[in-house]
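Work the whole structure out from these sequences, hints included.
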Amino acid sequence: MRIFGGIAKIAVSDAELLAAHAAGDDQAFATLLRRHYDHLWKVARRTSYSPEDAADALQEALLSAHRTASSFRADAAVRSWLHTIVVNACLDRIRRNRARPTVPLYLEDGDEPRTERNHIAEVETALDVEAALEALPDDQRVAVVTVDIEGYSIREAARRLGVPEGTVKSRCARGRYKLAVLLGDLRDPGNRT
Amino acid sequence: MNEDELPRPPYPADLLADLHAGALDEEVAERLWPLVREDSDAMAVLDALGAVQERLRGLADPDAPGEPMPAEVAMRLDDAVLGAVRAHRRRRRMFAGAVVGAAAAVVAVVAVVVVGGVGFPGPDSSTEGPVTPIAEGPDDAAALEPDTLRSLVGSTDLGPLSDDRALADCLAANGIDPAGPVLGSRTIEYGDRDAVVLLVPGGVPPQLTAVVVGTGCDATHPETLYVTSIG
Chain A
1 MRIFGGIAKI AVSDAELLAA HAAGDDQAFA TLLRRHYDHL WKVARRTSYS
51 PEDAADALQE ALLSAHRTAS SFRADAAVRS WLHTIVVNAC LDRIRRNRAR
101 PTVPLYLEDG DEPRTERNHI AEVETALDVE AALEALPDDQ RVAVVTVDIE
151 GYSIREAARR LGVPEGTVKS RCARGRYKLA VLLGDLRDPG NRT
Chain B
1 MNEDELPRPP YPADLLADLH AGALDEEVAE RLWPLVREDS DAMAVLDALG
51 AVQERLRGLA DPDAPGEPMP AEVAMRLDDA VLGAVRAHRR RRRMFAGAVV
101 GAAAAVVAVV AVVVVGGVGF PGPDSSTEGP VTPIAEGPDD AAALEPDTLR
151 SLVGSTDLGP LSDDRALADC LAANGIDPAG PVLGSRTIEY GDRDAVVLLV
201 PGGVPPQLTA VVVGTGCDAT HPETLYVTSI G
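These protein sequences, in sequence, are chains A and B. Here this note's numbering is used: position 93 in the first sequence is 93, and no number is missing along the way. Here this note's numbering is used: position 119 in the second sequence is 119, and no number is missing along the way.
Calculated from the structure, these hints are not laboratory results. Everything hinted at is true.
A partial selection of chain B residues facing chain A, derived with a Cβ cut-off under 10 Å:
| hint | residue |
| --- | --- |
| 1 | LEU19 |
| 2 | PRO62 |
| 3 | VAL73 |
| 4 | PRO178 |
| 5 | ALA219 |
For glycine and all other residues, C-beta sits at the position ideal for the given N, C-alpha and C.
Written out as structure tokens, the structure reads:
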């Protein structure tokens, strides 16, 4: 069944698309999700260690959204609902990957990529915040995103990521400091130490 | 750390960042804060860190610009979502068919009993008939009855999901926290498919949730066949 085919779908609200999905329109849910793809991609990218992880987490999140769509409260904003599901899927994925006894995909705290200092030196200080975030080591970026952008408490971030609270705090500390340098708010890291 | 061990100005920037983030030992932080507040250079660093947090909060705005989703990712998601929607509808139709079939059977039995009258030799409930195995699938109502499912607590028969990682992936794909316990499991046939019943804690104790998944369940294919809450 297809109720919202063609250009007509532009005019309908998210809630109407959800209702159409419940009424048996195969395309309605995909149409609803597609409206938010760019936003959800942005969220997944900054909350994941790699584009591949972001795509995988996003797929898990959207399938999970489909499973719970019937219980979604129509009075809540669809985008906020999807946003939360995606952030949690990304964090859960990081925790699961971390729990696996495989070759680490990223370096542990303290062992930052060798090229990072050079990278910081090369990056122009007037980068916008998004670009500066991308220059951070993955673990620091995800900690800063989870706490400062998504507003999770330290405790919740630690629980989701499967690391101690102190680790989240110190990752945030390093991440914020590097961001301040990259954004030109502070001088080069070596100047004060 | 005694008084002599406390750092003196100029304070290292990474120490200030730790102090700002609450990453230092509480006692050390309490003693360091008054000293740092007296140091204008240190306060400038702390202000800069606060400003960074402020700028980060600006990214929480859902309308903040970002890189668009790559076309290949969008296509992959479209396929996955549409596939899930259609699979769900097929399952619902199958389930509805099974329910209608079962209801029709009940009506037929009732009709026979009524037509046969009081003296009709109906099935003797004390007779030990063949026990219907759970493996007959969803149209075997007993397989997914609360009592049958509860009896799975403590038994482990995960089939292809016996591997820890496979199980964790499958649980996560089904929206179940892989860190939580699986209270019981059993391999069954669900319709014409090999499947596994997973019993996990429900939303509110002592509620339980039973999830039937296909044996191909993995991180990206939840293969959810049936979900029910007990209690």
